[in-house]
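Asker: So the chains spell out like this:
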Amino acid sequence: MKTDPDVIVIGAGGGGPVIAKELGERGINVLVVEAGPWYGNKKWPEPNQNRGKAKMSSDPGDLDGSLYRNQFTRLENDMNDLVTGKFRWGSADRRRTPWYRNVPDRSFLYQSAGIGGSTVHYYANSLRAFPQAIDDEWPINYDDLIPYYEKVENTLPVEFAPTTSKEALFYYGAEKAGFPLNQTLDVTSSGYRPQPNAILPPNEHLMDPDVSLEELSHMEGCTLSGHCGQGCPYGPSLEKMAKRSTNVSYVPLAMKTGNVTFRPNTFVMKILTEDSASGKPRATGVQIRDTWTGEMEELSAGIVVMAAGCIETPRLWLNSELPHNDWVGRGMTTHYMDMVTGTFDAQTLMEILGSPSVNPFVGHTSGARLDYPGLGMIENLGESPGLSAQQAFGFSQYGYNILRGPGSDKWDQRGRLTGSELEEAMNGYKRSLTLLIVTDDEVQYQNRVELDPNIKDEHGPVPFVRYTPSEKSKKRRDQLAKVATTMLRGAGASQVHRSDLPPNYYIHIQSTMRMGFVVDSSCEAYQVQGLYIADNSVDYNALGGPNPTLTTQALATRTAELLADKYF
Amino acid sequence: MTIISTNTQEQEYTQASFQALTDAILPPDSEYAYDFPDMGVHAYIIYALDHYVSIQQQLHHTVVPLAYPTAVMLDTAAAKLVYTHQAHPSPQSHFPGGGMFSFLSRQDRIRTLAALENLYVDMYALPSPYQNNAGLVKHVTDALNRFSMFGYYSEWPAYGSTRLYPPDSRRLQFFPPGWQQVGYPGVSLGYRDFRGFLLKMGRSEVE
Chain A
1 MKTDPDVIVI GAGGGGPVIA KELGERGINV LVVEAGPWYG NKKWPEPNQN RGKAKMSSDP
61 GDLDGSLYRN QFTRLENDMN DLVTGKFRWG SADRRRTPWY RNVPDRSFLY QSAGIGGSTV
121 HYYANSLRAF PQAIDDEWPI NYDDLIPYYE KVENTLPVEF APTTSKEALF YYGAEKAGFP
181 LNQTLDVTSS GYRPQPNAIL PPNEHLMDPD VSLEELSHME GCTLSGHCGQ GCPYGPSLEK
241 MAKRSTNVSY VPLAMKTGNV TFRPNTFVMK ILTEDSASGK PRATGVQIRD TWTGEMEELS
301 AGIVVMAAGC IETPRLWLNS ELPHNDWVGR GMTTHYMDMV TGTFDAQTLM EILGSPSVNP
361 FVGHTSGARL DYPGLGMIEN LGESPGLSAQ QAFGFSQYGY NILRGPGSDK WDQRGRLTGS
421 ELEEAMNGYK RSLTLLIVTD DEVQYQNRVE LDPNIKDEHG PVPFVRYTPS EKSKKRRDQL
481 AKVATTMLRG AGASQVHRSD LPPNYYIHIQ STMRMGFVVD SSCEAYQVQG LYIADNSVDY
541 NALGGPNPTL TTQALATRTA ELLADKYF
Chain B
1 MTIISTNTQE QEYTQASFQA LTDAILPPDS EYAYDFPDMG VHAYIIYALD HYVSIQQQLH
61 HTVVPLAYPT AVMLDTAAAK LVYTHQAHPS PQSHFPGGGM FSFLSRQDRI RTLAALENLY
121 VDMYALPSPY QNNAGLVKHV TDALNRFSMF GYYSEWPAYG STRLYPPDSR RLQFFPPGWQ
181 QVGYPGVSLG YRDFRGFLLK MGRSEVE
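Those protein sequence lines, which keep their order, are chains A and B. Heads up: the first sequence begins at 1 in my numbering, then just goes up one per residue. Heads up: the second sequence begins at 1 in my numbering, then just goes up one per residue.
Derived by calculation from the structure, the hints in this document are not laboratory data. There may be inaccurate statements among the hints.
To be verified - Covered stretches of chain B, going by a simulated chain A footprint (3 or more residues, C-beta under 8 Å):
| # | region |
| --- | --- |
| 1 | 8-14 |
| 2 | 130-136 |
| 3 | 193-201 |
What the hints assert, rightly or not - Listed next, the in silico DSS-like pairs over lysine-lysine satisfying Cα-Cα at most 25 Å (straight line):
| # | chain 1 | residue 1 | chain 2 | residue 2 |
| --- | --- | --- | --- | --- |
| 4 | B | K200 | A | K176 |
| 5 | A | K151 | A | K566 |
| 6 | B | K200 | A | K240 |
| 7 | B | K138 | A | K456 |
| 8 | A | K474 | B | K138 |
| 9 | A | K240 | A | K151 |
| 10 | A | K410 | A | K482 |
| 11 | A | K151 | B | K138 |
| 12 | A | K475 | A | K176 |
| 13 | A | K456 | A | K410 |
For clarity, every value in this text was computed on a predicted model and none was experimentally measured. Just so you know, even glycine gets a beta-carbon here, dropped at the ideal spot from N, CA and C.
Next up, chain A with everything else stripped away, as it sits in the complex:
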């Protein structure tokens, strides 16, 4: 391998490994640098304890499924804790604090550092944008995206989620509310359907009592264990793990091209540029910092791809003092969310499901959905108890139910629950169905990521993140909350709780480096030659509501093609 790569990709999350694999297959030499640790790689047997002997890895033989399984304990505190969890936004060394972002107000910013990025804890929901959100909106058409969607869907691969009890109850509620089954990937009208998920279908022996669950967890296919959010390390080998985070899908495929190297524990401080004949600067490499030793280094490459995510990509642009652009970090969207939880009587559940409980922790964490173009979408959510409690009952802009009451006869309870209210709600956990409301929010210039003028960390001025929904987004969310409530009531829920989440629930962040404003339609920066972006930040808008990952991966696939044609 050459010493200097042709391309440096910053970030190994949802987008970085995709563009790396596509470029690698074209014979282009790629180095992917990632700020967080690498789980499931023999070169880092104790990724949270020490730096490890190696700096980087490019041999697919380094990948180790059993090591991965030991590290991903499926325990919600160990994996998901925002301060010390293996999936937090911070360095590999969990004795250290997470990396600080100034996010004022009630907020919950859910991102993960490490090879795989936030796809290690995502629910693998892999759906296409609503066509109406792309056509006549974006600088490119929906039809332009379809071949790339198909390629990613085949590579991950994407399948419709299987039905377990909670999906069966969801579909029952959707039908009672009058919605049809939507048998399509290209959604133009409202209806329900199973989630298109990047999760391998259950093994054909799953229901065979002669094959133990322990054996099944080492075989190919989803075991319905419900650990999507904890990283789910089940499968016969690392690259055959059931949940297709990029660290088990695109990363091994990229390594197999023989042209791609990944380097974890490496934080990019600055994009380096030089003046060029064209009159605008040209990317020449990056300045990096080893997160274990603090050592700084400069790496050169003719092309640099930013795939650090919607917060770090604009932060890096600003910290690198690249040319001023009014839209860098601006126009952020975040799918203004809400949650409605229905609790059912055992008798009602017996009649619908033939079982007295829903057991929300069984199956894909989010296996069913209702699409509602023009408003957004609703999906089921079955997390483990700690995550369920804090999101459904501990996080709200409404305040405390005990002090305010529900404020509407649509809901029995609203806002935060405490004391015996909380206990009662959680005692109904096994008989509950939580619906996550994901609103198509409008792009607004004032929603943003910028540099905090007063606070720095070891990587420079920290990001300051601010989002306020528009009036239109608020109305859409309220309409979806009513639809979700109608579904739960229609299915016979005896108690309905609305979380009334604060707007600053950052899960689907998009649009901070928008196509047509910061990057052109090939995702190359207008103002810096050879600098590309391959993460959610290039999205022109919030896709109409659908989860952003598949679109990011389709765009990264397309960007690789355009980049290679132009420069190689």
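Take the given structure of chain A and dock chain B to it, following the hints.
Answerer: Here is chain B on its own, set in the frame of chain A:
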């Protein structure tokens, strides 16, 4: 290894304050209290607050411990409610060493949290880093609820005597009591609850 010492007044005060907090937010003592007299969630919150924020000051990377100033913030808000007759302290506290917040009824402690998140407090009277920092006050006040619930209903209490060790040195010592309470079976290898497919992908795959 970190040894948590309880012999200073400041530590006792911080502990009492967060015991009063979790006592107001979390389920009241139930039948599980017999098996698990101390879920210790207040210690989880103290750890989380003291390991939440770090910043660079000149050449030094500094951790900003938030537990103590947060306890003071709770008392400042509690005192304001008492002075304005919106909360009524009892003559003694169940949480020895605590301040005004720990003398309030459960409901008044929740009222204190609501007052703080609505910034019904003299922002200038708050300790650093909360002083005149509305965004941080709202952020941390809200986080107290989330931390309490995640501490209680996750596996954290089951780390037992290793709870406050660095995460990679913790060991589960019993089945998490919060999981037992709600009927969550814990880490699973899988479930046999496959009810078929409503749709299948239409593509022609190469096997």
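Asker: Run every hint past the structure and note whether it holds.
Answerer: Here is what the structure says about each hint:
{"no.": "1", "hint": "8-14", "result": "violated (count 0)"}
{"no.": "2", "hint": "130-136", "result": "holds (count 3)"}
{"no.": "3", "hint": "193-201", "result": "holds (count 9)"}
{"no.": "4", "hint": "K200/B <-> K176/A", "result": "holds, 23 Å"}
{"no.": "5", "hint": "K151/A <-> K566/A", "result": "holds, 21 Å"}
{"no.": "6", "hint": "K200/B <-> K240/A", "result": "holds, 20 Å"}
{"no.": "7", "hint": "K138/B <-> K456/A", "result": "holds, 21 Å"}
{"no.": "8", "hint": "K474/A <-> K138/B", "result": "holds, 21 Å"}
{"no.": "9", "hint": "K240/A <-> K151/A", "result": "holds, 18 Å"}
{"no.": "10", "hint": "K410/A <-> K482/A", "result": "holds, 8 Å"}
{"no.": "11", "hint": "K151/A <-> K138/B", "result": "violated, 44 Å"}
{"no.": "12", "hint": "K475/A <-> K176/A", "result": "holds, 24 Å"}
{"no.": "13", "hint": "K456/A <-> K410/A", "result": "violated, 46 Å"}
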